[in-house]
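Colleague: Chain F is already provided as a structure; the job is to place chain G on it using the hints.
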Amino acid sequence: MRIEIENLTKTLTTVVLDRINLEIREHEFLGLLGPSGSGKTTLLRILAGLDVPDSGTVRFDGQDALSLPRERRQVSFVFQHYALFNHMTVFDNVAFGLKVRPRGRRPASDEIARRVEELLELVQLAGFAKRFPAQLSGGQRQRVALARALAIEPKVLLLDEPFGALDAKVRVELRRWLREIHDRTGLTTVFVTHDQEEALDLGDRVAVMNRGRIEQIGTPPEIYEGPRTPFVFDFLGRTNAFACEVKNGRAKLGDKNLDVPDLPDGQAIACVRPHDIVLTATAEPPSDDALLPGDAVVRFLSVLGPTVSVELLHERELIEAVISREQLKQLDLEVGSRCRIRLRLPTIFSKAEVDQEKGRSEPTKRHRLRWLRRRRK
Amino acid sequence: MVDLAARIEPRHARPQASPLPLRESRWLRAVLIGTALLFLLLFLILPLAAVFTEALREGVRVYFAAITDPEAVAAIRLTLVTAAVAVPLNMLFGIAAAWAVTKFEFGGKNFLITLIDLPFSVSPVIGGMVFVLLFGLQGVFGPWLMAHDIKIIFAVPGIIIATLFVTLPFVARELIPLMQQQGTAQEEAAWILGANGWQTFRRVTLPNIKWGLLYGVLLCNGRAIGEFGAVSVVSGHIGGLTNTMPLYVEVLYNDYAFAASFAVASLLTLMALATLALKTVLEWSAGGGRPDAPIH
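Sequence order for the protein chains is F and G. Residues in the first sequence are numbered consecutively from 1, following the working numbering. Residues in the second sequence are numbered consecutively from 1, following the working numbering.
Incorrect hints may have been included.
Heads up, simulated DSSO-like pairs for lysine-lysine below, C-alpha to C-alpha not over 27 Å straight-line [what the hints assert, rightly or not]:
| id | chain 1 | residue 1 | chain 2 | residue 2 |
| --- | --- | --- | --- | --- |
| 1 | G | 103 | G | 210 |
| 2 | G | 279 | G | 210 |
| 3 | F | 99 | G | 103 |
| 4 | G | 210 | F | 99 |
| 5 | F | 130 | G | 210 |
| 6 | F | 99 | F | 169 |
| 7 | F | 256 | F | 351 |
| 8 | F | 99 | F | 130 |
| 9 | F | 252 | F | 351 |
Everything labelled a hint here was simulated from the structure, so no lab data went into it.
Okay, chain F solo, but in the shape it has when bound (with noise of 0.2 Å):
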């Protein structure tokens, strides 16, 4: 089911959601990406039609969804905590959607069954068919939830946080073999998540949600390799910021002048994932990538896994950096030694859009700024 929303708009004590428009594909698998509070639950629950917005459409095949009677909107929605009927068991969980037809459209109840039979089999529950949700681990209560939610033969699946309460290992299982389902079964998708990695190994496409509004919707490499806004950039990974000047079209940035056609004049920032910050003995031999004018000193060394982070103080800021082990060696680094810092792929923003961010968010947010705390140490 191909589903387009346009001008969506709610608001409770504050604005919830501003003029929301995007376009979800038949068959898609949509990630709706975004800290708490921006709206994004929201937005999924009208689709369901467990909310109303003020304003806007939805529509569902070309349809008015928002008008449409509930069952032929064929939605069906795993709660973030699963809501599972704790007094039924797992077959009558998943039966649920089947036996609360009306007489008409109600199969027999042989055909209930084997149905559910099917369902659970399908979620790698064949056996626990008589067994309460209480008796189950989370992963298992998740898998009940997708199969009571699938056993009413939906178009479209809706999904809140789905492994937000599971385990991280747990979590990458069931990611995959959801992807999977979808995969199968033809359904669209659209699930909410405030887990970046989730949305990117996920979705087809992500949508960025932010205080509202889309911030930016593409697909996974798009977005983390594009991102147009500050608040984007900064939401999917961690960030370095530098400081520098557009003029004319260029930026100065270290030894290098890049071009950055679209950006004003004036004071602009640079921002660099921690693993593109690339660390050099010296400033030979030159390459591509944009020297920073003198040395840095190492702070900090902490070795995860294959990969090392290395917190250095350059001019006074604080620089992450993430190499691999084998770098470590070749360059010898320990703490208090000295390097070269070289920036590979910056993206490069105006200052004001940044400030604007800044002023924008509040200083309670998880998911703040971090170079903005950073460049006033």
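Modeller: Quick look at chain G alone, frame taken from chain F:
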């Protein structure tokens, strides 16, 4: 110096390792438990025993004569009828109120919750008076009721209304915190899956609240059977017609028919004890049943 330190140290350590603080609390515990037991004995068990001994003082024959007296039978019947009408009505009201308060958002919600508590905070006598003022001869609706030959005050309807008023909060009070804690996710899930309002209530909400509901109904029932103050005001004490059991007990007592009075009182006590026993059984089966059974 070293020796001294070595000798002091274990002594310092001893209070933590030895059961000294426990010994203190054991003494304290004995006092507390003793006090509690004494209170229990004085204020619960002794009166209860007194009721039954007084009732049987003049023999079993007198006892049975007292409770099979036509007026006694009428009082028993009236009490049972009152409870049979008031309890289901308040059960419905309690469920509806709790459902509205916990599953929906609307203005004046806190006011409604406070209002539901009103019968608890107002003296039952005032509860009765209010209805006399409303439906009595000199009351607001009195002349109209009179003209249409409808008797509420000093009749059975008044007794039922007064009982309804007094027992109104029991079920709602029991359900509201329970349903608040359960939230609305399961109802939303049922709605998404296609259940209509009644199916959602019967298959999802009701099973989740059934223990709380039964508990509230039992408390409500206990009070409905035992209510004295409000009912006394609206009853008029017409023997064989508008005397409930508690009122009849008082009438007998005032007539110096002590044995008969206590006999009826003992019946009333037995009803209360049965309610209590049922409640305990329910609690036990809710808590000690299957590990997967819903605990509410």
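Colleague: List, from low to high, the hint numbers that the structure doesn't satisfy.
Modeller: The structure conflicts with hint 6 only, although it agrees with all the remaining ones.
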